[in-house]
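J.: Kindly produce the complete structure, drawing on both the sequences and the hints.
There are 2 protein chains.
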Amino acid sequence: MEKSHMSVFLLLVALSCALAKDAPKKETKETKETKPKLPQTLSRGWGDQLIWTQTYEEALFRSKTSNKPLMIIHHLDDCPHSQALKKAFAEHKEVQKLAEKFILLNLVYETTDKNLSPDGQYVPRILFIDPTLTVRADITGRYSNRLYAYEPSDISLLYSNMQKALKILKTEL
Amino acid sequence: MEKSHMSVFLLLVALSCALAKDAPKKETKETKETKPKLPQTLSRGWGDQLIWTQTYEEALFRSKTSNKPLMIIHHLDDCPHSQALKKAFAEHKEVQKLAEKFILLNLVYETTDKNLSPDGQYVPRILFIDPTLTVRADITGRYSNRLYAYEPSDISLLYSNMQKALKILKTEL
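These protein sequence lines map, in sequence, to chains D and F. Quick note: the first sequence uses the UniProt record's numbering, first residue 1, plus one each step. Quick note: the second sequence uses the UniProt record's numbering, first residue 1, plus one each step.
Misleading hints may appear alongside valid ones.
Since the list gives no way to pick one copy over another, a pair counts as held whenever it fits inside one copy or between any two copies.
[Said to hold, decoys possible] Below, a list of computed lysine-lysine pairs in the DSS-like style, where the Cα atoms sit at most 30 Å apart:
| hint | residue 1 | residue 2 |
| --- | --- | --- |
| 1 | Lys-93 | Lys-114 |
| 2 | Lys-164 | Lys-64 |
| 3 | Lys-114 | Lys-68 |
| 4 | Lys-93 | Lys-164 |
| 5 | Lys-101 | Lys-164 |
| 6 | Lys-93 | Lys-68 |
| 7 | Lys-64 | Lys-93 |
| 8 | Lys-64 | Lys-114 |
| 9 | Lys-114 | Lys-101 |
If you're looking for bench data, these hints aren't it; they were derived computationally from the structure.
T.: Right under this line is the structure:
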């Protein structure tokens with residue numbers, strides 16, 4: 001029971017992340033005042049040894065041409081939930097290994113493509129896209145109100161969802 | 001006369017860059033076979049000490065909220081013209097200093113926004129965007145067939161165009 005209680009609490013925190021997203025002026029101000037460590041990296045700490053694409057356009061192109069599924073992680077630097085998931089993602093050796101089989105993109109700013117927010121824009125939010133450029137809306141986490149959200153404790157579910165994204169692809173080919 | 005002859009030659013090379021852009025599969029293959037040095041940087045060598053935005057969406061947001069003009073450099077890694085301009089851009093101290101006053105974005109993959117290709121998609125191609133999110137189509141280089149192209153020898157023109165982008169903005173405010 002304590003665990004499910006914790007989940008409710010964590011979801012509340014996740015909600016505050018979504019709110020933080022709506023007030024990104026603060027972030028801009030911070031960037032102005034305290035310059036980030038340079039040069040900036042595309043991994044943003046989600047796995048420095050992995051190859052990350054820069055933009056959604058690049059990611060779609062690479063997914064299509066390489067026939068690898070695309071994994072898009074929406075997150076925010078000032079969201080504690082995003083940070084916690086990032087830590088779990090970066091430290092999980094199997095996840096990092098499996099991630100090599102994907103075209104990878106992590107985004108702080110939402111794209112204009114509404115297909116990437118089937119149940120709204122919130123962070124952290126992970127979506128898989130097939131090389132045919134179809135959003136895999138069927139690959140979800142465990143929260144009914146935020147289907148594509150993951151907590152650090154869901155890292156095993158995320159791993160199996162990654163396998164699912166790869167497996168179904170093979171079956172279809 | 002020899003100089004103008006050279007320009008014609010260089011424009012022909014630029015044309016081959018545009019063609020290379022249409023066959024980016026080669027690039028993908030290379031990425032697979034020889035992994036780039038990691039972690040990748042957002043500057044891509046256009047100025048490691050400058051702050052670069054990752055995506056067009058981020059760049060537009062930051063331009064609007066910071067009231068700084070946006071400078072977008074379209075280029076390709078396997079285009080000798082892009083590489084030469086990059087070298088000139090990165091080594092020009094005044095240009096690098098002035099670039100701090102802009103929101104900066106360098107892109108290898110085209111966005112879906114047609115406003116960013118007023119006279120076609122080619123590289124290298126530099127466009128300025130006002131914080132009101134209007135493309136400054138009036139700020140051009142010296143080539144009538146590729147209005148937004150610059151050669152390394154045009155770096156002074158680029159510098160004055162950057163000043164123009166900043167100056168007119170102030171007048172308008």
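J.: Each hint should be assessed against the structure and marked as holding or not.
T.: Hints, one by one, checked against the model:
no.: 1; hint: Lys-93 - Lys-114; in the structure: neither (32 Å within a copy, 42 Å between copies)
no.: 2; hint: Lys-164 - Lys-64; in the structure: within (18 Å within a copy, 40 Å between copies)
no.: 3; hint: Lys-114 - Lys-68; in the structure: both (22 Å within a copy, 28 Å between copies)
no.: 4; hint: Lys-93 - Lys-164; in the structure: within (18 Å within a copy, 51 Å between copies)
no.: 5; hint: Lys-101 - Lys-164; in the structure: within (12 Å within a copy, 46 Å between copies)
no.: 6; hint: Lys-93 - Lys-68; in the structure: within (20 Å within a copy, 42 Å between copies)
no.: 7; hint: Lys-64 - Lys-93; in the structure: within (27 Å within a copy, 40 Å between copies)
no.: 8; hint: Lys-64 - Lys-114; in the structure: both (19 Å within a copy, 22 Å between copies)
no.: 9; hint: Lys-114 - Lys-101; in the structure: within (25 Å within a copy, 32 Å between copies)
Figure legend: structure checked against the earlier numbered hints; the only hint not met is number 1.
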